[in-house]
Amino acid sequence: TQLLEQSPQFLSIQEGENLTVYCNSSSVFSSLQWYRQEPGEGPVLLVTVVTGGEVKKLKRLTFQFGDARKDSSLHITAAQPGDTGLYLCAVSFNFNKFYFGSGTKLNVKP
Amino acid sequence: KAGVTQTPRYLIKTRGQQVTLSCSPISGHRSVSWYQQTPGQGLQFLFEYFSETQRNKGNFPGRFSGRQFSNSRSEMNVSTLELGDSALYLCASSFGVLGQSGTEAFFGQGTRLTVV
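As you go down the protein sequences, you meet chains A and D in turn.
Counting from 1167, one number per residue, gives the positions in the first sequence under my numbering.
Counting from 167, one number per residue, gives the positions in the second sequence under my numbering.
It cannot be assumed that every hint is accurate.
To be verified - No farther apart than 25 Å at their CA atoms in a straight line, the calculated lysine-lysine pairs in the DSS-like style are these:
1) K1263/A x K1225/A
2) K1263/A x K1222/A
3) K1271/A x K1222/A
4) K1236/A x K179/D
5) K1236/A x K1275/A
6) K1263/A x K223/D
Source of the hints: derived by calculation from the structure; they are not laboratory data.
Bear in mind the structure is a predicted one, so any value in this text is a computation, not a measurement.
Extracted from the complex, chain A is given alone in its bound form (with noise of 0.2 Å):
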């Protein structure tokens, strides 16, 4: 049973373009993270959302988790090459594991 589903799987698209990427469970997060991973490397910590329906903002990037705490969104605007790389969340469900999605991997093209 997958327990984070995150969508789409894959995205390519132009420089300057705006994108949303999405994680979804049918259970409730005790809190989520989104991190950024680049080919070779570990995934770097973008953000963690605690409070059902909190929004941040990291430059280009929008952050949301829902009311439900259910799921959570990933909004960039103006997409850069610098931005390509593999989207992943993280959950925690009561305060036990802690669980990844399969990522969105994102090209953005010059």
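With chain A fixed as given, assemble chain D onto it according to the hints.
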């Protein structure tokens, strides 16, 4: 402050051998968790150690084991290597246990293991 350090970065082993990977967490962090990443399966949780005790374990065979030392450094061991064990092995450190609200995990660069 130094980040999470994993050694070695790259490793080639033959089937049947065993391997030990090392992870030094961020200073002050007491939790170390290990993950296997493959193109087909994504990032899969292996186990978490906190204050030298295994706190959680993923669905991996007993060939995969680990330990944590009093200085929070951790090692992971894989015995009787199989071709399917080829993967990027990542460790992450955190101040508190994984799953606590707001706990943030910081990853190392990983060890790329190739089994031939």
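Would you pick out the hints that fail for this structure and give their numbers low to high? Of the numbered hints given earlier, those the structure breaks are 1, 4, 5, listed in rising order.
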